[in-house]
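Asks: Given next are the chains, with one letter for each unit.
2 protein chains.
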Amino acid sequence: MRLSKLFFHTFKEAPAEADIISHQLLERGGYLRKVGKGLFIYTPLMWRVLKKISAIVREELDRAGCQEISMPLLHPAEIWRESGRWEAFTSEELLYTLKDREDHEYCLGPTHEEVVVNLISNWITSYKNLPLNLYQIGNKFRDEIRPRFGLMRAKEFLMKDGYSFSSSSEGMEEQYEVMRQAYNLIFKRLGLDFAIVEAHGGKIGKGKSEEFQVKAEIGEDVVMVAGDYASNVEAAVAIAPDYPFESTLKERKRIDTPNTTSIEALSAFTKIPPQQILKTMLYKLVFTDREEFVAIGIRGDRQVNELKVTTHFGAMEIVAANEDEIKKLTGSQAGFIGPIDLKLPFYADQTCQPMTNFTCAVNVVDIHDTNVNWERDIPRPAEFYDFLLAEEGDRCPHSPDTYHIQRGIEVGHIFNLGTLYTKKLNALFQDEKGQMQPFWMGTYGIGIGRTAAACVEQHHDEKGIIWPLAIAPFKVFITAVSTKNPDQVKAAEGIYEQLQKLGVEPLLDDRNERLGLKLKDSDLIGIPYKIIVGRAFDQEGKVEIESRTGEKTLLTPESLSSWAKELKI
Amino acid sequence: MRLSKLFFHTFKEAPAEADIISHQLLERGGYLRKVGKGLFIYTPLMWRVLKKISAIVREELDRAGCQEISMPLLHPAEIWRESGRWEAFTSEELLYTLKDREDHEYCLGPTHEEVVVNLISNWITSYKNLPLNLYQIGNKFRDEIRPRFGLMRAKEFLMKDGYSFSSSSEGMEEQYEVMRQAYNLIFKRLGLDFAIVEAHGGKIGKGKSEEFQVKAEIGEDVVMVAGDYASNVEAAVAIAPDYPFESTLKERKRIDTPNTTSIEALSAFTKIPPQQILKTMLYKLVFTDREEFVAIGIRGDRQVNELKVTTHFGAMEIVAANEDEIKKLTGSQAGFIGPIDLKLPFYADQTCQPMTNFTCAVNVVDIHDTNVNWERDIPRPAEFYDFLLAEEGDRCPHSPDTYHIQRGIEVGHIFNLGTLYTKKLNALFQDEKGQMQPFWMGTYGIGIGRTAAACVEQHHDEKGIIWPLAIAPFKVFITAVSTKNPDQVKAAEGIYEQLQKLGVEPLLDDRNERLGLKLKDSDLIGIPYKIIVGRAFDQEGKVEIESRTGEKTLLTPESLSSWAKELKI
Numbered sequence: 107m108r109l110s111k112l113f114f115h116t117f118k119e120a121p122a123e124a125d126i127i128s129h130q131l132l133e134r135g136g137y138l139r140k141v142g143k144g145l146f147i148y149t150p151l152m153w154r155v156l157k158k159i160s161a162i163v164r165e166e167l168d169r170a171g172c173q174e175i176s177m178p179l180l181h182p183a184e185i186w187r188e189s190g191r192w193e194a195f196t197s198e199e200l201l202y203t204l205k206d207r208e209d210h211e212y213c214l215g216p217t218h219e220e221v222v223v224n225l226i227s228n229w230i231t232s233y234k235n236l237p238l239n240l241y242q243i244g245n246k247f248r249d250e251i252r253p254r255f256g257l258m259r260a261k262e263f264l265m266k267d268g269y270s271f272s273s274s275s276e277g278m279e280e281q282y283e284v285m286r287q288a289y290n291l292i293f294k295r296l297g298l299d300f301a302i303v304e305a306h307g308g309k310i311g312k313g314k315s316e317e318f319q320v321k322a323e324i325g326e327d328v329v330m331v332a333g334d335y336a337s338n339v340e341a342a343v344a345i346a347p348d349y350p351f352e353s354t355l356k357e358r359k360r361i362d363t364p365n366t367t368s369i370e371a372l373s374a375f376t377k378i379p380p381q382q383i384l385k386t387m388l389y390k391l392v393f394t395d396r397e398e399f400v401a402i403g404i405r406g407d408r409q410v411n412e413l414k415v416t417t418h419f420g421a422m423e424i425v426a427a428n429e430d431e432i433k434k435l436t437g438s439q440a441g442f443i444g445p446i447d448l449k450l451p452f453y454a455d456q457t458c459q460p461m462t463n464f465t466c467a468v469n470v471v472d473i474h475d476t477n478v479n480w481e482r483d484i485p486r487p488a489e490f491y492d493f494l495l496a497e498e499g500d501r502c503p504h505s506p507d508t509y510h511i512q513r514g515i516e517v518g519h520i521f522n523l524g525t526l527y528t529k530k531l532n533a534l535f536q537d538e539k540g541q542m543q544p545f546w547m548g549t550y551g552i553g554i555g556r557t558a559a560a561c562v563e564q565h566h567d568e569k570g571i572i573w574p575l576a577i578a579p580f581k582v583f584i585t586a587v588s589t590k591n592p593d594q595v596k597a598a599e600g601i602y603e604q605l606q607k608l609g610v611e612p613l614l615d616d617r618n619e620r621l622g623l624k625l626k627d628s629d630l631i632g633i634p635y636k637i638i639v640g641r642a643f644d645q646e647g648k649v650e651i652e653s654r655t656g657e658k659t660l661l662t663p664e665s666l667s668s669w670a671k672e673l674k675i
Numbered sequence: 107m108r109l110s111k112l113f114f115h116t117f118k119e120a121p122a123e124a125d126i127i128s129h130q131l132l133e134r135g136g137y138l139r140k141v142g143k144g145l146f147i148y149t150p151l152m153w154r155v156l157k158k159i160s161a162i163v164r165e166e167l168d169r170a171g172c173q174e175i176s177m178p179l180l181h182p183a184e185i186w187r188e189s190g191r192w193e194a195f196t197s198e199e200l201l202y203t204l205k206d207r208e209d210h211e212y213c214l215g216p217t218h219e220e221v222v223v224n225l226i227s228n229w230i231t232s233y234k235n236l237p238l239n240l241y242q243i244g245n246k247f248r249d250e251i252r253p254r255f256g257l258m259r260a261k262e263f264l265m266k267d268g269y270s271f272s273s274s275s276e277g278m279e280e281q282y283e284v285m286r287q288a289y290n291l292i293f294k295r296l297g298l299d300f301a302i303v304e305a306h307g308g309k310i311g312k313g314k315s316e317e318f319q320v321k322a323e324i325g326e327d328v329v330m331v332a333g334d335y336a337s338n339v340e341a342a343v344a345i346a347p348d349y350p351f352e353s354t355l356k357e358r359k360r361i362d363t364p365n366t367t368s369i370e371a372l373s374a375f376t377k378i379p380p381q382q383i384l385k386t387m388l389y390k391l392v393f394t395d396r397e398e399f400v401a402i403g404i405r406g407d408r409q410v411n412e413l414k415v416t417t418h419f420g421a422m423e424i425v426a427a428n429e430d431e432i433k434k435l436t437g438s439q440a441g442f443i444g445p446i447d448l449k450l451p452f453y454a455d456q457t458c459q460p461m462t463n464f465t466c467a468v469n470v471v472d473i474h475d476t477n478v479n480w481e482r483d484i485p486r487p488a489e490f491y492d493f494l495l496a497e498e499g500d501r502c503p504h505s506p507d508t509y510h511i512q513r514g515i516e517v518g519h520i521f522n523l524g525t526l527y528t529k530k531l532n533a534l535f536q537d538e539k540g541q542m543q544p545f546w547m548g549t550y551g552i553g554i555g556r557t558a559a560a561c562v563e564q565h566h567d568e569k570g571i572i573w574p575l576a577i578a579p580f581k582v583f584i585t586a587v588s589t590k591n592p593d594q595v596k597a598a599e600g601i602y603e604q605l606q607k608l609g610v611e612p613l614l615d616d617r618n619e620r621l622g623l624k625l626k627d628s629d630l631i632g633i634p635y636k637i638i639v640g641r642a643f644d645q646e647g648k649v650e651i652e653s654r655t656g657e658k659t660l661l662t663p664e665s666l667s668s669w670a671k672e673l674k675i
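Protein chains in written order, with the working numbering: chain A, 107 to 675; chain B, 107 to 675.
Please keep in mind that the hints were generated in silico from the structure rather than gathered at the bench. A portion of the hints provided could be inaccurate.
Claimed, not checked - DMTMM-like mimics (lysine to aspartate or glutamate), calculated; alpha carbons at most 20 Å apart, straight line:
| no. | chain 1 | residue 1 | chain 2 | residue 2 |
| --- | --- | --- | --- | --- |
| 1 | A | Lys-143 | B | Glu-208 |
| 2 | A | Lys-157 | B | Asp-616 |
| 3 | B | Lys-234 | A | Glu-174 |
| 4 | B | Lys-157 | A | Asp-206 |
| 5 | A | Lys-157 | B | Glu-412 |
| 6 | B | Lys-111 | A | Glu-174 |
| 7 | B | Lys-607 | A | Glu-184 |
| 8 | B | Lys-590 | B | Asp-616 |
| 9 | B | Lys-205 | A | Glu-174 |
| 10 | B | Lys-596 | B | Glu-538 |
| 11 | B | Lys-626 | B | Glu-538 |
| 12 | A | Lys-205 | B | Asp-567 |
| 13 | B | Lys-143 | A | Glu-211 |
| 14 | B | Lys-143 | A | Glu-184 |
| 15 | A | Lys-157 | B | Glu-250 |
| 16 | B | Lys-205 | A | Glu-208 |
| 17 | B | Lys-205 | A | Glu-166 |
| 18 | B | Lys-140 | A | Glu-211 |
| 19 | B | Lys-205 | A | Asp-616 |
| 20 | B | Lys-111 | A | Glu-280 |
| 21 | A | Lys-205 | B | Glu-208 |
| 22 | B | Lys-205 | A | Asp-206 |
| 23 | B | Lys-143 | A | Asp-483 |
| 24 | B | Lys-626 | B | Glu-119 |
Unchecked claim - Over the 10 Å line for every Cβ pair with chain B, so calculated as not near, a few chain A residues:
| no. | residue |
| --- | --- |
| 25 | Gly-136 |
| 26 | Glu-262 |
| 27 | Arg-620 |
Virtual Cβ for every residue (Gly too), placed ideally from N, Cα, C.
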């Protein structure tokens, strides 16, 4: 491509709203053009990168035995109602919904489990045609609460989504492993530094699931890492550091604690360490058919992992109780809810089990009890369970190391759904014994646009983007130093044609601009190699090659073919 | 690919709603799976075909100097309001509209003029960066009144849309010509029998425009063909056969014509030929800011081309006046509207100009006047203009031949928009003299899915689809006659591997089924060549090759490579 013909535009400044480096550089390099909040045009440069990432994804998935299809973006509401997800998604307003001229309801697909299950269950009747692994690459939609970070969190975004179907739990696990390997290869080929992280499936289900997290300071995800093991914070099983609770039980006392609505305030006022305070949280659990309130106790220095609560109770959604609900259910107010005389199901995190002589609220404003003990003063909770939000320094059951926090960008997710959806949607096949069974299903995603942005987060310098060769929009930038020197211009043109024939994808800067500006543009948009036809050419017939990371060589134009082959450009 | 692994399903019967052959065969061959009315999943077979068509489109467009981008499918309403098309499209309910969580309005893009003009006008400031020709391949949406014919008229469909920007009218014409050539090459490579047809732009504008129409009996479009010239019926300029009107003017008479609400009835009752009756139609023209009524006269044997009326008056929409409106405006009723004593603007088609001694209604029920003559009895209309709907046998101004009707499937459309949109959207560049000018814009579309369906309409027989080599999902089908004959099976496997290495895309039928069923499936899904390892192999070491159109040869497995190369498979 000749730069004079390329539709591109570089900018000195990124728009003010671009607050992470990848968004800034992609905007400055003219990769994106915003159409509306969270809606972007991918320019020729961006689209070349996205197509290259897609091609690598396709190659590895096809090699792994997957087959590409394409499903519509408009989904009839009925199939989402059947799976029970219409309510779940619309209640969070993440789903774009619309009606056609006949008043039928649709949503814009944020994911395609319902549609693909419908396809499979109509066409696959026997275990003989399993396993099956289908995928597509296309746009997805989410009515984001706060679209931001450019391609990281957009309203419309390019994704690969895939779905596997197996005839047994073991078959499902095999497919999961196949996809895990394929993803591993894909992200390696894309030159990313990433971790495979145990994950909590959130809304999708509660089977085994892992995320592919690209390490990045600006990552929105908190990853807990202990040695070789990593988990996203929602899924992390963690053991809080022990606290030396006394073994001699003391006498329970009621004390005045005015305005101590937080653990901090209570601890400061009473001089009791937070570890010796039992905190009680009141939650509303939303199920498809009902709502329930539950109280969760936790050691005062720690936080409840709300997703763990949701999953444990099989709820669709969790909401902290509001002032009115607290008043109605406990007669008290936030800050003074406690397990004593509580007319609600009470559960506690495992951190509460060893507690002795602890302090807790008693559902009376400005009052707490101290030296409270299980059984003696209050019954043990219905269950001690893991509701703990992991923190740095916690012990990890999978590693001798304690956890530390890393931030990550989730670029991939693999998920063993088991028979969750296929049972709901009554998607059955005949097994070897002639029995009807629900399919074992897996779901697998890769954010194509987000992967490109994550790549920029990891590969850039003060001058701009440094694309890995595999996905650079062009691999080699060529220019003559002086556009008035016909020999240089001719040589640059010759090299351009030579490399084009080799399939190297060169970009010839044939603009009548000064060299500095040209090289700046090349560095900003991140072309891996620059070939400069200048003084060395005039003097000794050699061109200067500079890699985007600064290595320089001089070569004759004739030797460029072998140079390109050697570097696998 | 091994057929045992391929996700596919063939059916003996097509669903009842599939009423054209392409829809039937694509359903029977398992290319499509309906998700809802006008919404389809493209299975691995279909997606392979669509990807191949897309690849050919990309190749030719890139060669023609176009650049690929990708624009969002969600369009903020504001940019459509700016161009004035929000009202036009929503009034016809063709636009899917929706709101986000912040109550901002969007539509699902049926076309991207607004979005691309927004992009261009922000980035291109000088004539030096023109011309520019951008395209994308992606899904489009139309809330069709009657989704049908499978991929032909769906709610969501795969399209290539492209947009060119030039600095002058001549530059625009050049781009138009470049695209015309590229389209010509594309449809030729796709093996289609098509015509380039002069077109009426409909809603899009009134510059020069042509359609690429694939000839097919089931085509929804009526194409008027005269010699080498073709035009869609909406755009066709036609000269109705002359009628020998008398030159001596007769005495005007008022006659009773009870219940003669149609030309047929009136002619039958009065014995006056339709050619001597002046028919008057009453229309409501809808403009962006107002509505107007107009009466159009036409010779009684012919029909008004409503699109010509809309364009002539620059209206957004045209609607036949209803009973109430007729009553209010003329005091009369349908069938008895005439130019006499009419208090409305009256225009007439050119067919009316030579009329003498004609009969027409007088806005009184059950009454007509005969022997009416222009000027003597009624003033000439405001204008005689071409409002004629062309018919078979009409004369054509571009050819000595008269028109005959052909039916076609519109697979492509190219359009010189001039400065219609860029003026509205205030999209300007600086010309050579430093003056600000609106861009000259062209718009170009190819229905990718519709092209695939059109291809099936033209290439099929009673056994199934006959894909042209260029877009067949697999090019060669291979099978052993007896799955119990290990030599045959081994040879089939060997040929499969050999062809795979050549990049031929073979499909190995390794199913344990009888030969007849296998060959039937291959013919139904339209694979161009079958290689059968059977008796000839056992006896003389040769395999049978049969083309989809019936030619048979015997070859040794060793010579298959040169066979494949020769046929450019």
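Asks: When the structure is checked against the list of hints, which entries are broken? Sort them ascending.
Replies: Of the numbered hints given earlier, those the structure breaks are 2, 3, 4, 5, 7, 9, 10, 11, 12, 15, 17, 19, 23, 25 and 26, listed in rising order.
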